[in-house]
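Number of protein chains: 2
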Amino acid sequence: MGKITAVSPLAPAAFPGLPVIGGVTFAAAQAGVKYAGRTDVMLALLAPGTKMAGVFTRSKTRSAPVLDCQAKIGGDSDAGAAILVNSGNSNAFTGRNGVDSVARITAAVAAATGLPQARVFTSSTGVIGEPLPHDRIIAAIATLRDTQTADGIAGAARAIMTTDTFPKGATATVMIGGKPVQIAGIAKGSGMIAPDMATMLVYIFTDAVIARDALQAMLSDLTDVTFNCITVDSDTSTSDTLLLAATGASGVRVDDDPAFREALHGVMLDLAQQVVRDGEGASKFITVQVTGAASDADAKVHAMAIANSPLIKTAIAGEDPNWGRVVMAIGKSGAAADRDRLSIWFGDILVADQGWRNPAYREQDGADYMKGEYLTIRADLGLGAGAATVWTCDLTHGYIAINADYRS
Amino acid sequence: MGKITAVSPLAPAAFPGLPVIGGVTFAAAQAGVKYAGRTDVMLALLAPGTKMAGVFTRSKTRSAPVLDCQAKIGGDSDAGAAILVNSGNSNAFTGRNGVDSVARITAAVAAATGLPQARVFTSSTGVIGEPLPHDRIIAAIATLRDTQTADGIAGAARAIMTTDTFPKGATATVMIGGKPVQIAGIAKGSGMIAPDMATMLVYIFTDAVIARDALQAMLSDLTDVTFNCITVDSDTSTSDTLLLAATGASGVRVDDDPAFREALHGVMLDLAQQVVRDGEGASKFITVQVTGAASDADAKVHAMAIANSPLIKTAIAGEDPNWGRVVMAIGKSGAAADRDRLSIWFGDILVADQGWRNPAYREQDGADYMKGEYLTIRADLGLGAGAATVWTCDLTHGYIAINADYRS
Chain B
0 MGKITAVSPL APAAFPGLPV IGGVTFAAAQ AGVKYAGRTD VMLALLAPGT KMAGVFTRSK
60 TRSAPVLDCQ AKIGGDSDAG AAILVNSGNS NAFTGRNGVD SVARITAAVA AATGLPQARV
120 FTSSTGVIGE PLPHDRIIAA IATLRDTQTA DGIAGAARAI MTTDTFPKGA TATVMIGGKP
180 VQIAGIAKGS GMIAPDMATM LVYIFTDAVI ARDALQAMLS DLTDVTFNCI TVDSDTSTSD
240 TLLLAATGAS GVRVDDDPAF REALHGVMLD LAQQVVRDGE GASKFITVQV TGAASDADAK
300 VHAMAIANSP LIKTAIAGED PNWGRVVMAI GKSGAAADRD RLSIWFGDIL VADQGWRNPA
360 YREQDGADYM KGEYLTIRAD LGLGAGAATV WTCDLTHGYI AINADYRS
Chain U
0 MGKITAVSPL APAAFPGLPV IGGVTFAAAQ AGVKYAGRTD VMLALLAPGT KMAGVFTRSK
60 TRSAPVLDCQ AKIGGDSDAG AAILVNSGNS NAFTGRNGVD SVARITAAVA AATGLPQARV
120 FTSSTGVIGE PLPHDRIIAA IATLRDTQTA DGIAGAARAI MTTDTFPKGA TATVMIGGKP
180 VQIAGIAKGS GMIAPDMATM LVYIFTDAVI ARDALQAMLS DLTDVTFNCI TVDSDTSTSD
240 TLLLAATGAS GVRVDDDPAF REALHGVMLD LAQQVVRDGE GASKFITVQV TGAASDADAK
300 VHAMAIANSP LIKTAIAGED PNWGRVVMAI GKSGAAADRD RLSIWFGDIL VADQGWRNPA
360 YREQDGADYM KGEYLTIRAD LGLGAGAATV WTCDLTHGYI AINADYRS
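In the order they appear, the protein sequences are chains B and U.
So in numbering that gives the first Met the number 0, spot 213 of the first sequence is number 212, and the numbers just go up one at a time.
So in numbering that gives the first Met the number 0, spot 372 of the second sequence is number 371, and the numbers just go up one at a time.
Simulated from the structure, these hints should not be mistaken for lab results.
For each residue, glycine too, the CB sits at the ideal point set by N, CA and C.
Any given hint could be a false lead.
Pairs of lysine-lysine residues, derived as DSS-like cross-links and limited to a Cα-Cα distance of at most 27 angstroms, are as follows [as the list claims (entries may be wrong)]:
1) K59/B - K33/B
2) K370/B - K33/U
3) K59/B - K71/B
4) K33/U - K59/U
5) K71/U - K59/U
6) K370/U - K33/B
Between beta-carbon pairs, the in silico distance windows are [claimed, not checked]:
7) T388/B - A296/U: 30 to 36 angstroms
8) D339/B - V224/U: 31 to 37 angstroms
9) A258/B - R340/U: 46 to 52 angstroms
10) A78/U - R340/B: 35 to 41 angstroms
11) D220/B - D254/U: 40 to 46 angstroms
12) T388/U - D339/B: 37 to 43 angstroms
Let the sequences and hints guide you as you build the complete structure.
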């Protein structure tokens, strides 16, 4: 059963060593938006020539900064760019005041840096519906500009945390034509995690040379198999934002390079899985694999029904190999299923075989398997070649405790 | 915050006094299907001329007894009928053995009562995927037949309980043409509650005279605004069954009578709300009203998104007036919404007014309201005339505790 711990039991041993990415610098500061005694605002500055791509929540109540980013992201430019992020307040459902806050902050960053305002991207994360104290953020901008460092990305990762119990970073180096291209990314996210198109706050940087359209297409494709395949609690944020910046500092063109794509996929998947590993109250990391579905889309519907089922997530918290609840989730998902062709595995243990309990299955084997921290549930529909994999965590007392008094 | 209590704090003060319905008798017995020291099987016998209607889960992994009931329910007959229900095992995902168990039980009831096997309806509720020990049930049939009483409905309500903390009953009397028509119903249900077409196990009896098609049409219509408008945990059972039996013993024809329809609606709504009041771990009963949506269907999508959101349900458990999470749920639901036309009330307190926090709203008012046991969340979309009301409960530590070790 889960409990509130200082750091998630599923956290990586340490924040990874992230490489310096040519063309980008970082700073973090204490603006006092909501939290006291910790950094809560970060500014990343990107060199001229940087190409920006992004994906964003499809929530119909998305926040003012998300709407502003969406309006700007398609505009190509050889000017530099800035990303300013605050935690403690999401500036969501704040009406005209929220739009005004974004305009004031982006204007102040533009004035302080000499960048066009159209190249200043912002994100806000935290409580919904409270006016953003933008003056406090604006007051920190000069400090953020004057303390930029090339290796400040770890501090930036910490400044964007809310209920996160650890900062999240991932990196990859890929050799293309004998030259290294670097990728480094950071993310925050722990609850309200059921991304729809994008997710949470994620910022990824690379020194690759790539056209903006190619960068955007690659990011959108890879989001579908990484951030759009995780869920903590089925709730979708109003602030989900993923920005990818390619500075070009490596001098290496990667436009359609499969090795670069694979490396970027790896960084995105690593960050997405770290969000699950920091799922509010999580004590188990669960991989849900669905095969044999009528289509890939059907497979994902089944996989998400399993991953979002409170009854499955609580059973796993209790280390109960309750495979009947997997049958229930597949039955309710709405996607095609035939009870008598359905098989289910816990890890390598076949528990249900084509419509009934595997006669050789021993409950003790399932119970022993459930004691692990990293679990795989696999369901085969026996209908076709559709497949999907999603990742989630269990539902514990910790989730209740965190969310019953988050605002208080 | 919730805790496991012997009886839900939201339970009615007492089981209602249910009237004798002419033409139906009941008995309950201890068959030892799973539980020890309590009744776990009930048999209702219905007089010749009884009309039967039913609605059932649309789960694609629905149980063998559900499939059997669905095959039989459309067949009109002037023979009597029987309803046999066991708790402790749902006979779901039990393959050919499950079908065989249903055939053996219905044949045994037919032999013991002289009814056609096509008029013997069964339900099973409890763990999924375990073979049903049908021999234990069959061994109890003679006792069940020989101990039938006209006033045994309360005992029947207790025999069908699983994780329920109280038996559920409701009744209505309606005068038609100066003569009384009686309705009495019982239900079980506490978790895995997100009915899709029907719900849980519900049995309603009336002495009205009515054609089978009219009875079925009325039942289906009313299910959409009662049992299909409740949710505890968004998980849909493999066993949901609602049977309605009209014995005709009153001699009063009710085919299209609006007073009868209204009375039946009241009984169904009462039973549906009792299921929510016994939601696993529930400490608050929540009415979610959505108005001003583009359509009634959109209103229900929004209302269910609010009612199923773990973040809203945990906030309510913690008595936190976190209306930003209501904004989030409407944003993610997929139905039409315009952030700047959205207003939200807690009870009569306007917390958000057309896209932003109501300037007159005081957090303390919201916090005081949340201390109540019966809460109403209302959202107006400002788009059209679509409306829907659904009912749910909060998500507490009690739900986690109950479901992390239900099978153990």
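Hint check:
Proximity of K59/B to K33/B is assessed by CA-CA distance (about 26 angstroms); at most 27 angstroms being required, the pair is judged to hold. As the CA atoms of K370/B and K33/U are separated by approximately 26 angstroms, the hinted pair is consistent with the 27 angstroms bound. Pair hint K59/B plus K71/B holds up; C-alpha atoms about 19 angstroms apart against a cutoff of 27 angstroms. Between the alpha carbons of K33/U and K59/U the distance comes to roughly 26 angstroms, so the proposed pair stays at or under 27 angstroms and holds.
Between K71/U and K59/U, the direct Cα distance comes to roughly 18 angstroms. Compliance with the 27 angstroms bound is thereby established for this hinted pair. For the proposed pair K370/U and K33/B, the alpha carbon gap of about 26 angstroms is at most 27 angstroms, so the pair holds. Between T388/B and A296/U the Cβ separation comes to about 32 angstroms, which falls inside the hinted range of 30 to 36 angstroms. Checked against the hint of 31 to 37 angstroms, the pair D339/B and V224/U passes, with Cβ atoms roughly 34 angstroms apart.
Separation of A258/B from R340/U is about 49 angstroms and conforms to the stated range, judged on CB atoms against 46 to 52 angstroms. Distance hint check for A78/U and R340/B: the Cβ-Cβ separation is about 37 angstroms, which falls inside the suggested range of 35 to 41 angstroms. Between D220/B and D254/U the CB atoms are about 59 angstroms apart, so this pair departs from the stated range of 40 to 46 angstroms. About 38 angstroms separates the C-beta atoms of T388/U and D339/B, a value consistent with the hinted range of 37 to 43 angstroms.
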